[in-house]
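*Asks:* Can you make the complete structure from the sequences, with help from the hints?
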Amino acid sequence: MTIQRIMYLNTTSRSLRASVVGFAIHEPVDSDPPQIEVGVEMPYETVHSAILDGWRVVSFPAQRGGEDPEAVGVYGYEFILEQMVEIDA
Amino acid sequence: MHNNYHSHLLNDDQITSFIINGYHIVHPELQTGFNEKICDSLRSMPENPGEHIVEALPAISVVLEHPAVVGALTSLLGSKYVRDPGGHIHMNPPRTRAQPWHQDERFGRGHQDRDIDHVKQLMMMYYPQDVTDDMGPTVLLPGSQRRIAAPETMVTLVNLRGQVFSTLEAGSVLLTHYDIWHAGTGNRSDRVRYMIKFPFSRTEENVEPSWDHDTENIPEVRMRLDSEHPSTLSRNEYETDHGLRVRTWNNMAGSAAMPLRSEAHLGGPWPESGGATTASRRRRDNP
Numbered sequence: 000m001t002i003q004r005i006m007y008l009n010t011t012s013r014s015l016r017a018s019v020v021g022f023a024i025h026e027p028v029d030s031d032p033p034q035i036e037v038g039v040e041m042p043y044e045t046v047h048s049a050i051l052d053g054w055r056v057v058s059f060p061a062q063r064g065g066e067d068p069e070a071v072g073v074y075g076y077e078f079i080l081e082q083m084v085e086i087d088a
Numbered sequence: 000m001h002n003n004y005h006s007h008l009l010n011d012d013q014i015t016s017f018i019i020n021g022y023h024i025v026h027p028e029l030q031t032g033f034n035e036k037i038c039d040s041l042r043s044m045p046e047n048p049g050e051h052i053v054e055a056l057p058a059i060s061v062v063l064e065h066p067a068v069v070g071a072l073t074s075l076l077g078s079k080y081v082r083d084p085g086g087h088i089h090m091n092p093p094r095t096r097a098q099p100w101h102q103d104e105r106f107g108r109g110h111q112d113r114d115i116d117h118v119k120q121l122m123m124m125y126y127p128q129d130v131t132d133d134m135g136p137t138v139l140l141p142g143s144q145r146r147i148a149a150p151e152t153m154v155t156l157v158n159l160r161g162q163v164f165s166t167l168e169a170g171s172v173l174l175t176h177y178d179i180w181h182a183g184t185g186n187r188s189d190r191v192r193y194m195i196k197f198p199f200s201r202t203e204e205n206v207e208p209s210w211d212h213d214t215e216n217i218p219e220v221r222m223r224l225d226s227e228h229p230s231t232l233s234r235n236e237y238e239t240d241h242g243l244r245v246r247t248w249n250n251m252a253g254s255a256a257m258p259l260r261s262e263a264h265l266g267g268p269w270p271e272s273g274g275a276t277t278a279s280r281r282r283r284d285n286p
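Chains as they are written, first to last, in numbering that gives the first Met the number 0: chain P, 0 to 88; chain H, 0 to 286.
The calculated label-pair distances, taken between Cβ atoms and stated as ranges, are:
no., chain 1, residue 1, chain 2, residue 2, range
1, H, E46, P, P32, 21 to 31 Å
2, H, R260, P, P32, 38 to 48 Å
3, P, P32, H, G161, 19 to 29 Å
4, H, P45, P, I50, 49 to 59 Å
If you're looking for bench data, these hints aren't it; they were derived computationally from the structure. Every residue gets a Cβ at the ideal spot worked out from N, C-alpha and C, and that includes glycine.
*Replies:* Here it is in structure tokens:
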């Protein structure tokens, strides 16, 4: 059967070519959630490079407006991607 | 109030680093065996004493009153800083999972009521044993003390570019801006990791810098505040974050305040053929 891998990528803008500044990969197995870990590197530099590697975007970040011009807010723009993988049923 | 701390005041470069990144590490010279004794005392405690740490562990006063610690706290919070209630002993036993990213609660204030352009409150974290990569070091996101974000927006965040881990030698003291994003990470070792945490507050505004300041350093300070971005900011956030860095200096520096707008704004070399235009040069790698 095929099952969904999910990857969150946080980027510096809504552009597919924006730099990735955060990630989390949720493997399709019964396990602990992904952890903050020493020494990890971003798996992709951009969402576009993840697409080239076979990931599909399933959620795009919303356009932002009306933010407080005096404040720095939410960390990055969140893309959610999926990759279908075969597992033994 | 405190003796012998003047030679331990921070300098302009260290204050600038704190403003940009939101943390500073002190390495107080402690007597041989002091950290081990603290660890022994912690291991023998039948339960966590909550915020009554000094009563349960009087020797911790050596750290709280150490000139290197007092010098750093005086530099960051002014000479009349106070220790607040709410200290805590953190014990991270083997085989724990990481905490999620968070900012500490602001008691009596809304979660989004943060000191984004000042240093009014700090957390002091003392580590009585070496903390290695696998012992669940505290992770910090430099510069995040200037972010205002609801906890709900952090729940999907895990590994972030620029995250810094407090892998430290025994006896190290980590001072953080109260609002910096942080988390305890998972302890994958077979050793317990202790950390003792105390909050401190400023009680009065500075009339002049409370650190070892030299006006001749202002151009270098200005250059760093203008150009160093500790975490990767979104396009909308560059100007705001820059302004908040300068405002933080001004709020701390009293008479040594500087203009908000830099005279060097958009200065520098002409753009090269095939490169980005002047206005977008700094963002050419961040479309």
